[in-house]
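Novice: Chains A and B are the protein sequences, given in the same order.
Numbering-wise (the numbering used here), the first sequence opens with residue 778 and increments by one.
Numbering-wise (the numbering used here), the second sequence opens with residue 64 and increments by one.
No lab work stands behind these hints, which were simulated from the structure alone.
A couple of the hints might just be wrong.
[Unchecked claim] Which residues of chain B face chain A? A partial, calculated answer using Cβ under 7 angstroms: (1) 85; (2) 116; (3) 153; (4) 154; (5) 326; (6) 330.
[Claimed, not checked] Distance ranges between label pairs, derived from CB positions: (7) 1050(A) with 202(B): 46 to 56 angstroms; (8) 330(B) with 831(A): 32 to 42 angstroms; (9) 984(A) with 485(B): 33 to 43 angstroms; (10) 104(B) with 984(A): 52 to 62 angstroms; (11) 1157(A) with 566(B): 20 to 30 angstroms; (12) 538(B) with 1186(A): 44 to 54 angstroms.
Where a beta carbon is used, it is the ideal one built from N, C-alpha and C, also for glycine.
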Amino acid sequence: MRLSEHCYATIASIKSPLLLVEAVRSARMGEIVRVVFPDGSEMEGEILKIDGATVLIQLFGESYGLDVEHSAVVFTDAVKRAPLSTDMLDRVFNGSFLPVDGRPMFVPDQWAPVTGFAINPTLRGSPNEFIETGYSAIDGLNTLVKGQKLPIFSAAGLPSKEMAAGILRSARMVVGGKEAAVKDFVVIFVALGLTHHEYAYYMQTLEGMRTRFVAFINLANDAVVERLLAPRFGLTAAEYLAFEQGMDVLVVITDITNYCDALREVSTAREELPGRRGYPGYMYSDLASLFERAGRIQGRPGSVTMLPVVTMPEDDITHPIPDLTGYITEGQLVLSRELHQKGIFPPMDVLPSLSRLMQRGIGEGRTRADHRGVANLLYKHYAKGRDLRNLETIVGREGMSERDRGMLDFADAFERDFVHQGEGRRSIEETLDAGIAVLKGHGLETP
Amino acid sequence: MKGSITAISGPTVTVVLPDLKLYDRVSIGHGGLMGEVVRMERERAVVQVYEDTRGLGIGEPARGLEKPLTVALGPGLLARIFDGLQRPLEPLGEAQGPFIRAGKAPAPLEPERSWHFVPVKRAGEVVQPGELLGYAEEGPFRHWIGAFNGGGTLAELREGPFTVQDPIGAFADGRRIHAVHEWPVRTPRPYRRKLAPSEPLVTGQRCIDFFFPLARGGTAIFPGGFGTGKTVLEQTITKYADTDVVVYVGCGERGNEMAEMLEEFVTLTDPGSGQPLTTRTVMVVNTSNMPVAAREASIYTAVTMAEYFRDMGYHVLFLADSISRWAEALREISSALEEMPGEEGYPTYLSSRLSGFVARSGVVETRGGRIGSLTMILSVSPPGGDFTEPVTQACLRNTGAFLMLDTALAHRRHFPAINWFQSYSLYSDAVADFFAETVSSEWGALKDECRALLQREEKLREVAEIVGAEGLEDEGHLLMHVAEQVRQKFLCQNAYTEDAYSSLDQTHRRIREILAFYRHAEKRLQAGESLEKILKEATA
């Protein structure tokens, strides 16, 4: 530990967002530095690499106006920490954890390193309690449970924004069929690379929120490096609220694709060897360092549940971003262009969607005793109907048996009456009843 | 030997430290982070650090420990959960709380726990290196203790209680005998000779045992995109496989899944012995957010433990989920070392490292003269479900069974989603005699018949897609119906019900019934009976 801050004016090169500083003594990996611009303004950065007396620094902002001769770098001897207090609730911050809602910064109770620590797997609690999102396609067939990480796979032009906002508004914690106390449930919203149009939309959503929230907003014209930082602030805040304050926290991050593009940008600037499509080889580990922070801890109240939004570039689910995400998360919710064109909202295709932890979060005492049965039947018949649609395009509807035509109708009704719900939210009871109604309406067995 | 840190880049740290050897362990910084030497240049050495290097400073001390990364092998391994460096996770949780922090860790084997030693050799006898001296009961498991550190004339071997810290005897030349020894993880444990695999490893999974049998001492890979059920299949096999010991390594996978598995294993029992599953299982867990260098080391830590049990003359099953994450860790370290990359950024030594690793499997005659086996099952997570990628290809060259998990089957909720056309097992012939002798002489014939049936169905399906199902003959309809039965009732197996385990007899009975029905129905159809009637009777 050094006693004072060290100031160096030995910047050797600037390659935005990276700086090389020479003749530095006793720097630390991950240490936070303050870069002083010629005009006196300051910006934070972080040490990425040290080779003898040469230090590579990543700036948390744009390096316009920086020069080699008159700028200076102050080494603070501390790693990046997040200020924490329950006073952050119902506040909006930028990607550097500074308030942007016009109110002053809160006084932190404690500080915690933003990278967090891995949860010891033997002390993880089992994710088995239901979270109601208000959307039947999720609650009924791909149930989200506390401590799970379940991404939404969207594509350009699909209403992932409306869906994320809908979940922000209507997510509820349900305990034994009843809603849990509102004060124990918090939504953390992390927006990365938002356009102003989207920003306005989400701010409106946040204003009308019933649940408590903390928002971290990084706009499209904000610093790229902030996009790497904002989710870590959000998750550090989430861990604090969950495991120190005993709250159930739902973290919605949009959009992971912007995060990965920022990661690629910085990696390229560092002249690292690119992996698939130019994304760095460590992207899996990097994404895991975010997603794996979801969870519960044995013997402690509180949970961190994550719902990241991923926009699949070119609608390609095998693109490295959705692919690596899918390998880390516990399932995926896939949006479909076809359903969107049919005017169905949320346009969620339940067939490729999956919630791996659903088994444990449903049934008697959690949702309803017949949940598993209803979900299985809906899934089975819908899959059959979808298969038959392919046949229909070849042989035509007339060429099909009556039973097969019935299944085609069922698939249509399932999309129209169960998946589609427009603006409204459904409780889990309403979801399951809607499912049973669709089954009965087509003369199919019900559990 | 002391030195200091001169450079840090991600998980690699350069130190100036004299007299190091390659792969020596080094303690780094004030916090005592662990690492191993991976490269040497004059007086400098590059160390791959197993823990997060954040906060580490230039000029901090580094100390060589004069030994490579080793694991402690002795009583108390079973039913435990370790991380990739054999730090016991449960005691670590008691010491540090729910979050894992770098630095000091409790000893891997409980130092105070008392065991009871029963010798099978006596003073005065001469033992060869690797020969077994006696055992301790570890729950229902007989944990053999051998002269693994070298042989000699026995001077003393005490029956009675001991802890892993005390000697249990001595050689005539004064060397003490301990129940615990350390073994460097990257060095394969020696054996007398290797034998060809000839016995099947019964997994209780119909599709595998019937179509693609695994062999004891063999190797198999399960490649599949996400959501194809790799982890569930591996865990089901872990639960039900007919084996003495299971070593499971969760390599760069999900924390929640591991927690779920730990919880289940305490409650489930081994169908063979009726004992809780944990009593035959060792778990090594390095989740995706734990340090990358430790993930790279984790499979070696685990396989060394597996070899140790093999050397007692046991059948050991080693499962790694997933080997792709290990390869990625290798790539991250290679890239931090600024090595020349091969295909898709993986180091060019990926394939040779992997074959060196896979070669640690096999049926062996141990140095103590017993027969033991180490079977490996590795899951592979190919990016984008593309099997042409380097890790899958490297695995294919080195392993004996390929069980391809199919995304299309998984979407139809057909689990285990093993594709029966693309998968193969090179052990089919080697174990064919076993099935013919112990289960039924018609096993091989049924297999061919079933395979032909599924192939004909596939062709028929193509036809049906063009002419419509209505355009098929009755024979075709019957075939489609039976193939559907094979798929639904035989190949599908729900891992969450009673059906999760199917004995060889059950497997045989089930396929025999379905095929017998088909032959019978085909005859009746030819005799002019209506298909509708035949099927109605069958369902009634």
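Novice: If a hint holds in the structure, say so; if it does not, say that too.
Specialist: Status of the hints after comparison with the structure:
1. 85: With a closest approach of 22 angstroms, the residue 85(B) hint is violated.
2. 116: Interface hint status for residue 116(B): holds (5 angstroms vs cutoff 7 angstroms).
3. 153: 5 angstroms, holds
4. 154: With Cβ-Cβ at 10 angstroms, over 7 angstroms, it is violated.
5. 326: Nearest chain A Cβ about 6 angstroms off; hint holds.
6. 330: 12 angstroms, violated
7. 1050(A) with 202(B): 46 to 56 angstroms: Holds - the Cβ-Cβ distance for residue 1050(A) and residue 202(B), about 48 angstroms, lies within 46 to 56 angstroms.
8. 330(B) with 831(A): 32 to 42 angstroms: Given range 32 to 42 angstroms: violated, Cβ gap about 56 angstroms.
9. 984(A) with 485(B): 33 to 43 angstroms: Violated, since residue 984(A) and residue 485(B) (Cβ atoms, about 54 angstroms apart) do not stay within the stated range.
10. 104(B) with 984(A): 52 to 62 angstroms: The hint (52 to 62 angstroms, Cβ to Cβ) holds, given that residue 104(B) and residue 984(A) are roughly 60 angstroms apart.
11. 1157(A) with 566(B): 20 to 30 angstroms: 29 angstroms, holds
12. 538(B) with 1186(A): 44 to 54 angstroms: 31 angstroms, violated
The structure fails to meet hints 1, 4, 6, 8, 9, 12 from the earlier list, while all remaining hints are met.
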